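Trainee: Here's the letter readout for the chains.
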Amino acid sequence: MYKNKLSNFDIVLLILGGLILLFIISPLLSMFLATTPLQLFETSKDPEVLDSIWLTLRVSFLSTIFFAIGAIPLAYFLARTKFKFKRLVNGIIDLPIVIPHSAAGIAILGFISRDSVLGKAASSVGLNFVGHPVGIALAMAFVSIPFLINAARDGFSNVPVKLEKTALNLGASPVRVFFTISLPLAWKNILSGLIMMFARGLSEFGAVVIVAYHPMITPILIYERFGAFGLKYARPVSVVFIIVCLVFFILLRTLSKEKELNNA
Amino acid sequence: MLKLKDISIKLGEFQLKNINLELNKGDYYVLLGKSGVGKTVLLEIIAGLIKPDSGKVFQNNLDITREKIQKRKVGIVFQDYSIFPHLTVKQNIAYPLKRKKISNSDKDELINKYASLASIKHLLNRNTQNLSGGELQRVALARMLVSNPNCLLLDEPLASLDIQLKGGLRNLLRQINQSGVTILHVTHDYEEAIALSNKVAVLHDGEIIQKGLTKEVFRKPANEFVANFTGIKNFFVAEFTPINTAKINGTLEINVSNKDEIKKGKIIIRGEEIIISNNRIESSATNNFKGKIKQIIPYLTNHEIIIDIGVDLSVVISDESLQKFKFKEKSEAWVSFKSTAIKIIP
Chain A
39 MYKNKLSNFD IVLLILGGLI LLFIISPLLS MFLATTPLQL FETSKDPEVL DSIWLTLRVS
99 FLSTIFFAIG AIPLAYFLAR TKFKFKRLVN GIIDLPIVIP HSAAGIAILG FISRDSVLGK
159 AASSVGLNFV GHPVGIALAM AFVSIPFLIN AARDGFSNVP VKLEKTALNL GASPVRVFFT
219 ISLPLAWKNI LSGLIMMFAR GLSEFGAVVI VAYHPMITPI LIYERFGAFG LKYARPVSVV
279 FIIVCLVFFI LLRTLSKEKE LNNA
Chain B
291 MLKLKDISIK LGEFQLKNIN LELNKGDYYV LLGKSGVGKT VLLEIIAGLI KPDSGKVFQN
351 NLDITREKIQ KRKVGIVFQD YSIFPHLTVK QNIAYPLKRK KISNSDKDEL INKYASLASI
411 KHLLNRNTQN LSGGELQRVA LARMLVSNPN CLLLDEPLAS LDIQLKGGLR NLLRQINQSG
471 VTILHVTHDY EEAIALSNKV AVLHDGEIIQ KGLTKEVFRK PANEFVANFT GIKNFFVAEF
531 TPINTAKING TLEINVSNKD EIKKGKIIIR GEEIIISNNR IESSATNNFK GKIKQIIPYL
591 TNHEIIIDIG VDLSVVISDE SLQKFKFKEK SEAWVSFKST AIKIIP
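Protein sequence lines, in the order shown, are assigned to chains A and B.
39 is the number of the first residue of the first sequence in the working numbering; add one for each residue after it.
291 is the number of the first residue of the second sequence in the working numbering; add one for each residue after it.
Read the hints as simulated data drawn from the structure, not as lab findings.
Fair warning: there could be bad hints in the mix.
To be verified - Facing chain B, from chain A, some residues (calculated, C-beta under 10 Å):
hint, residue
1, K158
2, P198
3, L201
4, A205
5, T218
A quick note: this is a predicted structure, and the numbers were derived from the prediction, not measured.
Even glycine gets a Cβ: it sits at the ideal position worked out from N, Cα and C.
The following block holds chain B by itself, in its conformation from the complex (with noise of 0.2 Å):
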């Protein structure tokens, strides 16, 4: 439904080369990208706020890249919600109806109805100056909705909300994603990608350099930018020889499943799939190592344990077994992974 073929651009510093993008409807995808890196400008691209130096944008088949802003119907949802501040939430909401040829009670039935999705109906009345940033964000969604886009673009729409009204607006942009919008959300944080979206391409020089779906984005990386930027720590150079040995940083050997027979390239290993012990346990896992933990570091949900094994490796655990096994830092310990969790890319 919404197509960008060869999109590209030059804005002083940073540029834009051959984008290519295609969303299908219904589709949440996330554009993952640096700060900086022109995610804003892709969708002030697809809005029209902004003409591309080459490239079409197509909606439904037909080319909107010259196509007046007010007639394109792809809303644009900024980071800083750009909420009208002489204006109150009911009227925020009403802006887009205002020319519509519809009855004033079924304007107001649908900012009820929008209102009430972004749980803001009793915010209606409201100035909108003395509102939190997670309620600026719901009038921004719900006034974007009630002007009935196909596809939605959000520009970093958790970003500056704490944790707590995170969780809750992911579950507004999934329950607006479900009712039949597209979505096209951009964003640096690949937590969002995981969390919310069907399709991930990620975005890097001013160029896509993966795109696909997210399991897949982020279970096969295709470079190491990617593996870092998708949250992949354990990425390493190694040389294949013999061809199911990885020697890592030219020293450590580690067991492989080389069954493209890579001479030479790049491994990963996801932390998840690392088992970490106090002692040597016995298991199908060919690759067991003693090392020094040398960080844990906690998180939400879980705790990232560094632990050196003549390479850092990065080995994620969740709190209950933190608690029960008691790792400490500068104690030893072992790690296990089998050969076949270690992805190879050539």
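Bound conformation, chain A alone (with noise of 0.2 Å):
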């Protein structure tokens, strides 16, 4: 079989691409490294750290779901209305990726503290999302958000308006075309973006910081260990979470190959 020679110019970008392929795994190559199988296990058996992985992915899976359900008809509003401010709403949206977390932690803060009007009115029902897992959820749906709607409204743009104008020709309420053509044809994009927003949420630290220390969500958690035990404990403790995270997103990304080869 003939093959074509690697000219000067491949072996540079094969060299220099495998610089950064190496600077990515070998900081996580070495922490697995470095921890051993005993650690490990007994970490996996820490109920804080069990807790605390259990809250992370609970959190940000019910902020995903909820903030999903006015993402995902605002990335469909966004694909097919021109309005005179679009470009400032789009800019708007890509704004909690640009500003640091942390002061992103500090508005959200701001927006829920018992002295502002949300605040107030959730404390008139016993309610203080400073602490609680609603302020966390607020905070990993504040950083992630952007990620679901860009691929939400790429996905609902790529769906031809034709399609769309003649099932309502065929007697389709817009409803239904939203929910049977816009949304089927975008929703490879959307799962996308869902599980994009899922997992920034997971690893968000800055934003959850400031508006909950407590209940410890695990990238706190690790921090904690870190600040008060040093590198030695923090360590497997993000070994188990690493693991985790990419089971779910492994488990995932193959769900939703499987619906598209289904659906194929």
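Taking the hints as your guide, dock the two standalone chains into a single complex.
Mentor: In structure tokens form, the structure reads like this:
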């Protein structure tokens, strides 16, 4: 079989690319290698760690689902409607990605503290969002929602308008067109956005630490163990959390791939 | 049953101006026009997908200009078929039936009925990704018919199909029309109009420049554009002095039957009405000219001969005649045509 000979340019690309891959893999790999199976076993039985991981997964998942209810229609609106300040709105949506997450945490705290309108309303029913899973969910959603909106907007933009017009012409209401044509055809992008939002929520530290140090999500637990006991104690928790995140990530990706194949 | 009254719209570079059109029940109306002239926009206005700047659309004497898309009983089939790619053929056809209050067995019966009519019953459980253009067109038609529209709007339905598929689909469209469905079909191909329609309208520069019974529009084109567009190639500016003589391009004189005593105008001679021969033939035709064959162009069922008799004349002959008389390019031949075969347009 004929093989293309690598050009000098290809070799430069390979070397530079390889270095970047190495840069990503090496710290993770060294962390895994520095953790003994016994440490992993002990950590995975630690109730504090388990509670924290469960809390992180649960809150990030619920916040993703809850905010998707508004984010997906917003993405559809942005994909389908032309209006004067559309670029401005798109810029606002990207804002949480570019601002420092600790600053985002301060902003969220101001928004939900007892002095704010929302805080006062919550405390009137006996709720305090600060130091509460709801506060964590809000902080997670704030920094991760752009991933969902952008992915869903791209997905809806790729759905030909003519298909929607055809469905309307066949007697479907706009709501039915959305649920039977637009949403299924944009689903691949939306699902990808949901996974990204969920994953981004899991890994958030900066915004959450300001809103709720307790109950402790895993990124904060890792930070606390590092501060109190050092690298040796923070490392196993990090490894366990990374494994859990990877399992979830691979599981969700596989499920979405299977759905695609079934639809093909 | 469907009436457009003074429809006008401006969209970017082109516009439609005061479009008036009336379709009666059972009509097969073809709207002829070049690409980009606004034919699709007009269909979308009728279907309610675009609102006109002014003018009204009436259906059974009811003003539906501002009626919701899904409430109109006007079905549009787009040129690209717009088949839902995530649904099977059957699910596509069933789409309009989902919210209808009829039993599942009745739904199946309807799906099978129209799938049979469109000859796609064997494809019902297939995904749509691997279907050919002709099959997709049939799925789109079956899906539209299931929704039971009063009027079917077809956007260039035969444009992207090859010749064999076109024949089959034309038959299907005729069948659909004969079953009582009124059809408005837009195309740039005058042969489709001849093959299918009972009425035709020609759209040019945003306006309908001629409309009427297909036979009449083709036999009596209102102006040069229609004449050219409807496939009539022998179209000349002429002066009529003396009155029964047409002087073409200031030189060639031909005999005409100028009963209306027109002084200046245009004449058309249909290529099918010109006789071409190797020698001069004696007949009642008063126009006989010797010329040189410039080009012989083959078509599906006949040939077009361009012969220079002082002006270029297009003559249509059958394959058999071409073989029999052995006409060749650059050789000489005679043409003859009757003065009554010449149409004078003032």
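Trainee: If a hint holds in the structure, say so; if it does not, say that too.
Mentor: Cross-check of the supplied hints:
For K158 (chain A), the suggested interface contact is broken, since its CB lies about 44 Å from the closest CB of chain B, more than 10 Å. Look at P198 (chain A): its Cβ gets to within about 7 Å of chain B, closer than 10 Å, so that hint holds up. For L201 (chain A), the interface hint holds, since its Cβ comes within 10 Å of a Cβ in chain B; the closest pair sits about 5 Å apart. For A205 (chain A), the interface hint holds, the least distance from its beta-carbon to any beta-carbon of chain B being 7 Å, beneath 10 Å.
The beta carbon of T218 (chain A) comes within 8 Å of a beta carbon in chain B, closer than 10 Å, and the hint placing it at the interface holds.
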